[in-house]
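Chemist: As they're listed, the protein sequences go chains A and B. Per the numbering used here: the first sequence = residues 1 to 138. Per the numbering used here: the second sequence = residues 1 to 142.
Derived by calculation from the structure, the hints in this document are not laboratory data. Hints should not be assumed to be uniformly reliable.
Said to hold, decoys possible - Okay, the calculated bits of chain A under chain B, using three or more residues with CB under 8 angstroms as the criterion:
id, stretch
1, 18-32
2, 44-55
3, 73-86
4, 128-136
Every residue gets a Cβ at the ideal spot worked out from N, C-alpha and C, and that includes glycine.
One letter stands for each residue in the lines below.
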Amino acid sequence: MPPLARWFVRSSLVYLGVSLGLWAVQGAAAVWALPAGMVALAPAALHLFFVGWATQMIMGVAFWMFPRERQRPFGSLPLAWATFGLLNLGLLMRLVGEPLHTLYPQGGWGWMLGASGVLQWLAGVGFVVNTWGRIRGR
Amino acid sequence: MPPLTRWAVRASLFYVLVGFTLGALLLAHKGVGVHPMVWRLLPLHREVLMLGWMAQMGIGVAYWVFPRIARRRGREAFAWLALLLLNGGVWLAGLAPALGLPGWVLVMGRGGEVGAVLAFAVHIAPRVRLPPPETLLPPSTG
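The following block holds chain A by itself, in its conformation from the complex (with noise of 0.2 angstroms):
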């Protein structure tokens, strides 16, 4: 497994761990009254699983097991990182700007989930663009 496929798999391992931890916790909302910031997290643990775990270890397999081109294995690898690290900064910045965003609504935070979405699409076009030319046959 190359190191940027390990990197994608640890890291959706650890989005579905913090992930399933927060969904425990809201839970507990039906029982404890929690701060209020924690409720204000569903959505983004919603997507800390579906984007962080999911869509993250199907990166990081399709990184590894799609056919290999004989000049440059992987595509691009600066393209690729780069969209590792950019899934990545939108989804801690959509972690972080979202509860702020819905427990203050006026205190300027908006701006945070605006990036947050620019930095994941950007991270998808990476993906995409370099995964395109890895579907063929033999």
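Given the structure of chain A, go ahead and fit chain B onto it with the hints provided.
Modeler: What follows is chain B alone, placed relative to chain A:
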């Protein structure tokens, strides 16, 4: 990669682009306000990413890597049918709420998605087995 896998993976990459674009728009709207109509794209965002991207990538890769039966992939027509139903279902179920289409369009879309799962199950079930012995690695001597 066999042709079906190439189609499925390319389609799933197309869907991840569409889904991430919709997601970025939704997130930007939540943060800075784009247009109230943007929220209507949420169901399409969900369908496109969960089924068009993730499920379709899983189908394509499973079709490629699962053990074969006598060097063949078995009932291929069912796998093609699954792709057809899945893609039709994603668009019908995703666009129906976004465009305010009648409820039966959503039901048809969901029906297509369920049909896709059943068709792919019919295809893949015989391939869920141990690989042929000659393809297994010898036991480690270390």
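Chemist: Take the hints in turn and mark each one as holding or not.
Modeler: Right, here's what the structure says about each hint:
no. : hint    : verdict
1   : 18-32   : violated (count 0)
2   : 44-55   : holds (count 3)
3   : 73-86   : violated (count 0)
4   : 128-136 : holds (count 5)
Against the hints set out earlier in the document, violations occur for numbers 1, 3.
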